[in-house]
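Asks: If you read the protein sequences in the order shown, they are chains A and B.
The opening residue of the first sequence carries number 15 in this note's numbering; numbering runs sequentially from there.
The opening residue of the second sequence carries number 85 in this note's numbering; numbering runs sequentially from there.
What the hints contain is simulated information worked out from the structure, not anything from laboratory work.
Check each hint, because a few of them may be wrong.
Each pair of labels, with its calculated beta carbon distance range [stated by the list, open to error]:
| id | chain 1 | residue 1 | chain 2 | residue 2 | range |
| --- | --- | --- | --- | --- | --- |
| 1 | A | Trp150 | B | Ala285 | 54 to 64 Å |
| 2 | A | Pro192 | B | Ala251 | 26 to 36 Å |
| 3 | B | Ser254 | A | Phe334 | 41 to 51 Å |
| 4 | B | Phe102 | A | Phe117 | 37 to 47 Å |
| 5 | A | Arg357 | B | Ala285 | 22 to 32 Å |
| 6 | B | Leu123 | A | Arg258 | 23 to 33 Å |
| 7 | A | Tyr103 | B | Ser254 | 13 to 23 Å |
| 8 | A | Ser200 | B | Glu125 | 29 to 39 Å |
| 9 | A | Ala196 | B | Gly116 | 38 to 48 Å |
| 10 | B | Glu230 | A | Gln352 | 53 to 63 Å |
| 11 | B | Ala285 | A | Arg204 | 51 to 61 Å |
Output of the computed footprint for chain B on chain A, the stretches with three or more beta carbons under 8 Å from beta carbons of chain B [claimed, not checked]:
| id | stretch |
| --- | --- |
| 12 | 248 to 259 |
| 13 | 263 to 277 |
From the three backbone atoms N, C-alpha and C, an ideal C-beta is built for every residue, glycine too.
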Amino acid sequence: MSLGGIVSLLLIAAGAFAAALIVFRARALEPPTRQVGLAAAAALTVAVLLVVAEVAGMRVLTGDAGGDTPLLPLADWVDRAVDWLVTEYGDALRENISNPIVFAIGFFERFLYQGIAWPAMAIAFALFAYHASRKWTLAAFVAGAFVLIWALQLWKPTMQTLSLISVSILVTALVGLPLGIAMGLSNRFRTVLMPVLDFMQTMPSFVYLIPVVMLFGLGTFSGVLATAVYAAPPLIRLTDLGLRLVDKEVMEAATAFGASRSQKLWRVQLPLALPNVMAGVNQSIMMALAMVVIASMIGVRGLGQEVFYGLQRQEPGTGFTAGLCIVLLAIVLDRITQAYGRRMQTHYRAGAH
Amino acid sequence: MATDTPPKIELKSVTKIFGEHPQRVLPMVAAGASKEAVLEETGHTVGLRDVTLSIPAGQTFVVMGLSGSGKSTLIRHLNRLIDPTAGQVLVDGEDVMALDEKALIAFRRSRMSMVFQRFGLFPHRTVLENISFGLDLQVSGRAGREACRQKAREWITTVGLDGYEDAYPSALSGGMQQRVGLARALAMDADILLMDEAFSALDPLIRRDMQDQLIELQSRLRKTIVFITHDLDEALRLGDRIAILKDGEIVQVGSGEEILTAPATRYVADFVEDVNRSRVLTAGTVQLDCAVVTASEAPADALARAGNGELQVTYVVDANGKLLGAVTGSTMRRAIRENTASMESLIEPVQTATADMVLEEVLPLTLQGDLPVAVVDGQGRVQGMLSRRSIIAALAETAGVAKSDQ
Numbered sequence: 015m016s017l018g019g020i021v022s023l024l025l026i027a028a029g030a031f032a033a034a035l036i037v038f039r040a041r042a043l044e045p046p047t048r049q050v051g052l053a054a055a056a057a058l059t060v061a062v063l064l065v066v067a068e069v070a071g072m073r074v075l076t077g078d079a080g081g082d083t084p085l086l087p088l089a090d091w092v093d094r095a096v097d098w099l100v101t102e103y104g105d106a107l108r109e110n111i112s113n114p115i116v117f118a119i120g121f122f123e124r125f126l127y128q129g130i131a132w133p134a135m136a137i138a139f140a141l142f143a144y145h146a147s148r149k150w151t152l153a154a155f156v157a158g159a160f161v162l163i164w165a166l167q168l169w170k171p172t173m174q175t176l177s178l179i180s181v182s183i184l185v186t187a188l189v190g191l192p193l194g195i196a197m198g199l200s201n202r203f204r205t206v207l208m209p210v211l212d213f214m215q216t217m218p219s220f221v222y223l224i225p226v227v228m229l230f231g232l233g234t235f236s237g238v239l240a241t242a243v244y245a246a247p248p249l250i251r252l253t254d255l256g257l258r259l260v261d262k263e264v265m266e267a268a269t270a271f272g273a274s275r276s277q278k279l280w281r282v283q284l285p286l287a288l289p290n291v292m293a294g295v296n297q298s299i300m301m302a303l304a305m306v307v308i309a310s311m312i313g314v315r316g317l318g319q320e321v322f323y324g325l326q327r328q329e330p331g332t333g334f335t336a337g338l339c340i341v342l343l344a345i346v347l348d349r350i351t352q353a354y355g356r357r358m359q360t361h362y363r364a365g366a367h
Numbered sequence: 085m086a087t088d089t090p091p092k093i094e095l096k097s098v099t100k101i102f103g104e105h106p107q108r109v110l111p112m113v114a115a116g117a118s119k120e121a122v123l124e125e126t127g128h129t130v131g132l133r134d135v136t137l138s139i140p141a142g143q144t145f146v147v148m149g150l151s152g153s154g155k156s157t158l159i160r161h162l163n164r165l166i167d168p169t170a171g172q173v174l175v176d177g178e179d180v181m182a183l184d185e186k187a188l189i190a191f192r193r194s195r196m197s198m199v200f201q202r203f204g205l206f207p208h209r210t211v212l213e214n215i216s217f218g219l220d221l222q223v224s225g226r227a228g229r230e231a232c233r234q235k236a237r238e239w240i241t242t243v244g245l246d247g248y249e250d251a252y253p254s255a256l257s258g259g260m261q262q263r264v265g266l267a268r269a270l271a272m273d274a275d276i277l278l279m280d281e282a283f284s285a286l287d288p289l290i291r292r293d294m295q296d297q298l299i300e301l302q303s304r305l306r307k308t309i310v311f312i313t314h315d316l317d318e319a320l321r322l323g324d325r326i327a328i329l330k331d332g333e334i335v336q337v338g339s340g341e342e343i344l345t346a347p348a349t350r351y352v353a354d355f356v357e358d359v360n361r362s363r364v365l366t367a368g369t370v371q372l373d374c375a376v377v378t379a380s381e382a383p384a385d386a387l388a389r390a391g392n393g394e395l396q397v398t399y400v401v402d403a404n405g406k407l408l409g410a411v412t413g414s415t416m417r418r419a420i421r422e423n424t425a426s427m428e429s430l431i432e433p434v435q436t437a438t439a440d441m442v443l444e445e446v447l448p449l450t451l452q453g454d455l456p457v458a459v460v461d462g463q464g465r466v467q468g469m470l471s472r473r474s475i476i477a478a479l480a481e482t483a484g485v486a487k488s489d490q
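Just chain B, with the same shape it has in the complex:
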C-alpha cells in the first residue's frame, strides 16, 4: 500500500534484548544467533529482532502473533513503556528515543493513548474518574477538573455506559470494564490508539460486540490504531493491514487477503489454515473469467465465444456494457436449431455481487438460481463470475499450498 503521505509510525531495525547487559549481547543477535542459542549462552531473551515496520495514518494496523512472539513488547516501544536496545521509533517523523523525560510525558499525553489486555483500570477511581484520568493529569484546580469530567461524560455516552459514572471498576463485567478502558483512551483525543490484546480477555460474544463497536467508532474517528492480537479471525476482521510476528521477527505484512492467499512462509500457512476463509476472501479474488456477448449478436456467434466452461454460461450485456442476464450453451444451441434471430428472448436473469463482497455474503446468492453469480462493478459492468463450484474450491483450498515455501 504505497502512498505518498509519510507513514504515521515507523520502526527502523528495532531490536530489544532483555537481560542484564543487552548491549554486549547485541552483536551476537545481529549476527543471527537463534533466540534459544542466545538464551542458552548468555541468559538474555531476545524480545524483538530487527523489526522494521511502517504504519500508515488513519488505518487499523494489526500485529498478530502467538504468546512469546514479542507483540506486547513491540507495542510498548511505540510509547516507550519499553526502550529499544537498538533501532529507531519515529512518530510523524519524530524520533521518540530523542525525547527527554518532560517531552516524553507531553508526547504520551497528546499523541497516543493505550488500551490494555486486563484493562489496567484504577480500582480506587470511579468509572468517571478513570475516564478522565489522563485529562486530570494535565490540569490543576477544581474548575479544570470539572471540565475534564464533562469531557469524560461525553465518552461515557459514546461507549454506552450511561448510569455507571459513579460505579467502581470491580462492580462492572469484563466487557463493561474494557468499555471504560476504551473511553479512557479515546478521551485523550490523541490520533494514535494502541490496543494491546484489548479484547482477548473477553467472552467471545462480548468480544464480537466490542469489535463491532470499534469498527463503528473507527469509521467515524479515522484514528491510527495499532491493534495487538493472537486471534487471526480478529486480526482479519479489524485489520486494514496485518503484520505477523514470530519469535520477535516480522514474517509477513499485508492485507488479510494477501496473507490468506499468499502466505509467505510455512508458519503463516499453518496459521491461516483454520481461518474461516469465507469471511475474508472476496468475490473479486475468487472470481473466474467469463464470456460476455452483447444482446444484438446472433446466438451462433455467441456460442462460438462461449468457451466450454460450466454450462457454457455467457453473460449478455447491452450496448453500454450493462449486464442484462445470462444464457446457457444448451439454450443457444436450441435457438440455433430453431433459427431464433436475436438473443434477447433467451436471456435468463442472474444474481449479481460486487467484487468487495466476502464469500460468506455471496454464497446464499448462488443458491437462488442455477446460473453462476455475476460479479459486477458500480456501473453494472461484468467483471467475472462465481459459480457454486468455484466458491467451494476457493474455500476448500488449504493453506498448505503456500506458494513460496521456505
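For reference, chain A alone in the conformation it holds in the complex:
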C-alpha cells in the first residue's frame, strides 16, 4: 500500500469522524460521550472496510483513475437491468400499453388536422383564449398565430406536435397530480421524492430516450413517455407548493370545525392550491415543448421533425419556420393556461395573505 493510500485513508477516516460529529451535533440530545463513541465507531467501520478492500486487491485507494474497467460497474448493472426488462416485459408492454395508446394518439392526430378544418380550429382556440382572459386582443393574437402557421404550410406538423403535447400533458397530469398531492400532504414522502425530482430534472433528457426506445421502440409512444417524464417535475413541485402555501389559520379552522382529512383536501387545500397547480400545468407544457425537437430524433412526427430536417439538409429557412411555429404554439398555450390560472384566483386575490 502506497503512502498516498495511507494519507487518503487517514483523510477518509477524519472526514467520516467529522461528518458523524456534525450529524450528532445537530441532534443535540445525545450525551456527549455517546456522540463521540458513535462517531468514532462510524469512522472506524469505514476505515476498516477500505483497508480490507485494499488488502483484498480491489485497489480502492491506490487504483488508477483512468483504467479500462471501472471499479464501480454501474453502467454494466444498468445495461443488465434494462436488458432484463426488455426480454421479460418488452413484448407485453408493446402489445398492452404502447400499441393501444399509439393507436389513440394517431386517431387524435388525424382528427386535429383532418377532422377539423383549420379555420374552425383557429376560431375554437380564439374563443378559448377569450373565455380564459376576457380580452379580445388575446383572442385576435391567437387567431392570427394560427393563420400564420397555416400560411407557412406547417399546419399538419403543428397539429401533430399539439397532439403529442396534449397526450403527454394528460399523462403528466395523471401521474403528477397524485404524486404532488401526496408530497404536499406527507413530509416523509416529500423527503423521498425531492431528490428523485432533482434527478429527473437534471439528468439530460437524451438519457431517457435510450431505455424508453429499447422498451417501446422508435416512434410516438416513446416520445410521449419521454416528454411526460421530462415535463412532470414542475407540475409535481407546484402542486406540492400550492398545498403547502394554504394559510395555516385557514387549515386550523377547517380542522377545528371537524373536517376529516379528505374533506380538508377536497374542500380547502385543493381549491386554494388550484392557481399554483395551473401554474404547474403551464410550466409542464413549456417543458414539453422544449422536448419536441429531441423527441423527433426517435421518430416522433411534427414540428420537431421539420427542425431536424432543416439541420440535416442545411436549410436554415426550414428550421426557422418550424421553430417559429413552436414559439407561436408555446405563446398561445402559455397565455391561455396563465389566463385560466389568474381567473381561478380572482375571487380571493385581495384577501390572500
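Use these hints to put chain B onto chain A, whose structure you have.
Replies: What follows is chain B alone, placed relative to chain A:
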C-alpha cells in the same frame, strides 16, 4: 367561585414542549428548569408548564398574556389542534386525549367551535358558504346542504351581515370578516366557543363594537366562552373570570376586580398599573363605612354616633332602614344649639348608587351635590358611602402596592 356544578372544561397539569423529543425534555421541565435554560440546553421550547385550570359553564373565561406567554397554545389544547406533552384535558368530565380520530372529529363538530385572530375564513367560499362550512361537513346531498344554508342565513342576520351572503371575504372589511368568523362559529351550535385573540386584529372602535356584540350575544346564549387576549382592558370588559399567563404558567386566576385589587405577583401588578380602574372597580369595593341614624333619634344622639369623618356626614333612615337622606355635623350642631327636637327637618337629599356600579358611573353622581353618594342595596338600605375623595384615592392607588410581592 366554587360552585356545585362540575366545571365545563378542566386542564390538569398540562405541559407542552415543542421540539423533536419532548418526552426526553419533560423531566427537566418538571424539575423546574427555566424556559431559557431548556432552550439553551436542548433546543426545545416550553409552551405550557403544569397548567391547571377549571372553566365553569356559561361564563366568559379570559386567558390573558403577552405574546409568547403560551395563550394561543393553551386554547389549541382544548380542541386538540395541539396535543399536550403531559397532562389531561377534560371537557364535561370526558378525557379529550382518549378520543380516536373519528371521535375527535365528532367532538369538534358538536362540542366546541372556534374564532381565529386573522379570521381564518375560506377565501374561495362566499360569506354564506363560509358560515355553513362546519354544517356542510356533516351532511351530504343537495337537500342537506340547502338546510345548512338556511341555518347559516339566520346567523348572517344575527351578526348584521344581511346583503353580503354572496360576497367573498376579500371584499369585506376586517370587522365584517370577523363577524363572518363569529357567525361561522355560532352556527355550529356548540356550547363552547373558543376565541383566539378574536378582536386583536381590528381597529379600536370596531373592536369595541364587536365586544358589545359579544356581550349582548352572550347574555342571550350563555355559552362557555374561552377568550384569549393580550389586552387587559378587553379581558376586564368581557371576562367573568380571568387567568393571567406568563411564560407558559398561570400566575393568577380571579375576577377582574380581584386581579386589580390584589395582584398576586409583581408581574400582575405591573400589568394592571395602566388599566382604567374606573371601569373595573365597583362602588361596593371602594365604599367606606358610614354612620346611620334613624329619623326619630334626637340630633345630639345622632351627632354622638356620627364619628369624625369628612363633614361628619350621617345617613338618616326610616324605621325600616330605608334611606331618607343625610345630615352633616354642622347642621346637627346648629340643631342642638337651636334645640330642634327631631332630625326630620334637617335631612338633605343625597345621590345613591348600587354596589355593582363601576366608579366611572358613580363619579358623575358625586358632582351633583356636596354630600357623599350613598351605596344602597335593592331595598334602599345603606351599605356604605362614597365621597369624591375616596373615589379619587381608589383610582390613584397604584398597582405597586401589591399585597403579596414575590
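Asks: Please go over all the hints and tell whether each is borne out by the structure.
Replies: Results of checking the hints against the structure:
Look at Trp150 (chain A) against Ala285 (chain B): about 42 Å separates their beta carbons, and that is not inside 54 to 64 Å. A beta carbon spacing of about 35 Å between Pro192 (chain A) and Ala251 (chain B) agrees with the range 26 to 36 Å that was offered as a hint. For Ser254 (chain B) and Phe334 (chain A), the Cβ-Cβ distance of about 47 Å falls inside the hinted range of 41 to 51 Å, so the restraint holds. At roughly 58 Å, the beta carbons of Phe102 (chain B) and Phe117 (chain A) sit outside the given window of 37 to 47 Å.
The hinted range of 22 to 32 Å is satisfied by Arg357 (chain A) and Ala285 (chain B), whose Cβ atoms lie roughly 29 Å apart. Take Leu123 (chain B) and Arg258 (chain A): their Cβ atoms lie about 27 Å apart, and the range 23 to 33 Å holds. Our hint of 13 to 23 Å for Tyr103 (chain A) and Ser254 (chain B) is violated, since their Cβ atoms are close to 53 Å apart. Under the hint 29 to 39 Å, the C-beta atoms of Ser200 (chain A) and Glu125 (chain B), about 32 Å apart, fit the expected range.
Restraint check, Ala196 (chain A) to Gly116 (chain B): a C-beta distance of roughly 44 Å satisfies the suggested window 38 to 48 Å. For the hinted restraint 53 to 63 Å between Glu230 (chain B) and Gln352 (chain A), the CB-CB distance of approximately 36 Å leaves it violated. A beta carbon spacing of about 32 Å between Ala285 (chain B) and Arg204 (chain A) contradicts the range 51 to 61 Å that was offered as a hint. Check on the stretch 248 to 259 of chain A: 0 of its residues sit with their Cβ under 8 Å from a Cβ of chain B, so the three-residue criterion for coverage is violated.
Counting residues of the stretch 263 to 277 of chain A whose beta carbon lies closer than 8 Å to any beta carbon of chain B gives 12, which meets the minimum of three for the stated coverage.
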